[in-house]
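Enquirer: Letter by letter, the chains look like this.
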Amino acid sequence: MNLPILDVAIGICFIYLLLGLICTTVNEMISGWLKTRAKFLEQGIGRLLGNDALKRALYDHPLIRTLAAKDGARLPSYIPAERFVTALTDVLTGPGKSPSDLAALKQGLAAAGNEQLNAAVTALLDRPGMDAAAARARLEKWFDDGMERVTGWYKRNAQRNALILACVITVVLNADTVNIARTLWTSPTVRAAMVEEAKVRSEKARPEEMLPTVEYPNPQDPTASVPVNVPKQALTDKEQALLGQVTGWTDDQLPQGGSFFGWLWRTLRSHLLGWILTAIAVSLGAPFWFDTLSRFINIRNAGRVPEKGSQTPPPAPAASGVS
Amino acid sequence: MRKATLAYLLIAILARLATAGTLILKRAWIEQYKDRATIDATFTTDHAHKKPNPPAKDGDMHVAGRAPKEVGLPMVAEVMNAAAQQQQKAVQVIHGNEGSGSFVPVSGAWRLWFEHPATSQTQFQTVPPAANTNPDHSFEIHPITKFAAEDITGSFAMVPGFPGHDPKTAFGSYEKLSVLIHASATAVTLDSAKTGFNYVHFRMHLIGSPVKLKDGGLAAMADVEDDASEGEDMLAAKVRMIFVPGTAPWKAVQGKGDGDEFTVLGIPRVNLNAISAFITAAGSAAVTRKLPYEMIVVAVK
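Here the protein sequences come in this chain order: W and F.
The first sequence begins at 444 in our numbering and counts up by one.
The second sequence begins at -2 in our numbering and counts up by one.
The following block holds chain W by itself, in its conformation from the complex (with noise of 0.2 Å):
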């Protein structure tokens, strides 16, 4: 099937799907760099005992700093929940006190001068029949439910940064969906190379192969995992010329030397619209489009004799049958 229409469509797919990747590697080096879930812990932490003075001598205790990812990081991105309570029952019992010891516990509590935390702490463990094991069970349970107010903040700020960032990728390549429609629909060049190299991308270069897998180095041990992180080269030479024909500023686009908002006024009028569609796209994520661009690949492809050894595979089935 050969319409103009539908090597539009593809190409679209294929920038996104460019413009995705590059959204995804920057979006995990500033994750890393930024340490954002060891962050949120730490508020998370914060916000449930009341007070920085309990909050650092808990982040002080051994089980916990043992927990940070090397020396000197202060901040782990992951408390188990046993662990906090363990330590955090220690620092409130004080030396040479079992962390168990809940008479211990209820004056290092009532010593520590913290109401909001005394209060919690009562209010968990002032009942009848209150042993040890079930004070424990219930002092976790009290850290699991703070962490999950933890994880939706998470959530929201990883949803929030994805957008962000697709939102600055798309104004700084000056990414403008009507724009590359436009050019795809009215250069049947630039729109050819487009569909072959979106072609090539699609069957050789899949953004799953490009991303990090685990492995089980020693076949004799099926349950040791280890991450395997394949060196990630987003995009190739031919992509990266092929997002330049459609993407980028030229110099009459760039100000001029007139009013500043002048130029803003003009760039946003003639840009938005393909800018907005741009970002909400970017941010579905690559892999999203991989999907899509391999469907109108298959599309297209439909009716001719398949080529020798071009067998990728069809997407999973709506419903396979079973299950």
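Don't read these hints as lab results, they were simulated from the structure.
Treat each hint with caution, since some may be false.
[Stated by the list, open to error] Just so you have them, the derived chain F footprint on chain W, three or more residues with Cβ under 8 Å:
1) 521 to 533
2) 587 to 596
3) 729 to 740
[As the list claims (entries may be wrong)] With a cut-off of at most 25 Å between alpha-carbon atoms, the simulated PhoX-like pairs for lysine-lysine come out as follows:
4) K253(F) with K235(F)
5) K47(F) with K86(F)
6) K482(W) with K584(W)
7) K482(W) with K23(F)
8) K66(F) with K584(W)
9) K47(F) with K143(F)
10) K642(W) with K165(F)
11) K584(W) with K498(W)
12) K165(F) with K298(F)
13) K211(F) with K23(F)
14) K253(F) with K211(F)
15) K235(F) with K31(F)
16) K47(F) with K584(W)
17) K298(F) with K54(F)
18) K298(F) with K584(W)
For every residue, glycine included, the Cβ atom is placed at its ideal position computed from N, Cα and C.
Given the coordinates of chain W, work out where chain F should sit on it, guided by the hints.
Expert: Chain F only, in chain W's frame:
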């Protein structure tokens, strides 16, 4: 320009077909089950198939229900080879339990797979009773090994007349899947596109000896080859194979090791051992990874 807009709308419509599912699991739950073949749950049946699927389709019987203590997700349990005489007592017990609201012990292979995903599901939130035999779900006990007192480990056998999926297509699809993982201190969010290809026949070429799992099951690393081909074209390398205790495949691989080959029927599931490794390594980052899968070997030829 109007045609370019039409092209954009075409993209939007087709893109909707790749609907994604979000699953939020307890991190402790992942750690508990990452190296187990099975799960033991306390389960109540909401709806069950009146009759099992015909063997030519897959021979399964769907049992939709809830296990709020151990699973805490909308779920379906499935009896393999349910039309066979040996499973009839269990099928009767299931129908006796259906809609009663009483909880009975159910064991079997746990299975996470985004085959019938909901937009979003959070583990251990209140799960409403299933409205039919196939509610939106990403968790299954499939196949069941024991329902109440009825042991049906014998159901782990080839389904007569059922062709299964072509291994080239199925493993080609599994190898293309990806998952977005967000880990917090206590929960892990998995975002995945819809998956498929439930039952698949293939040749399993062991590259290591089976190792005992925490529940007595076995895990072994193996390369996957096309069982219909005489050659040794590898479809997937180093895939973790899971064997459920007491079943025929579990017995067949006892004492076997590197180089041994079996023609088997398998069901894919998310590999929680690998998910655990990803979230440990990723630390603060939300990451997109190849969806790690492993195969529950449910029958051996």
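Enquirer: Kindly indicate which numbered hints from before are broken by the structure, ordering the numbers from low to high.
Expert: The structure breaks hints 16 and 18; every other hint is satisfied.
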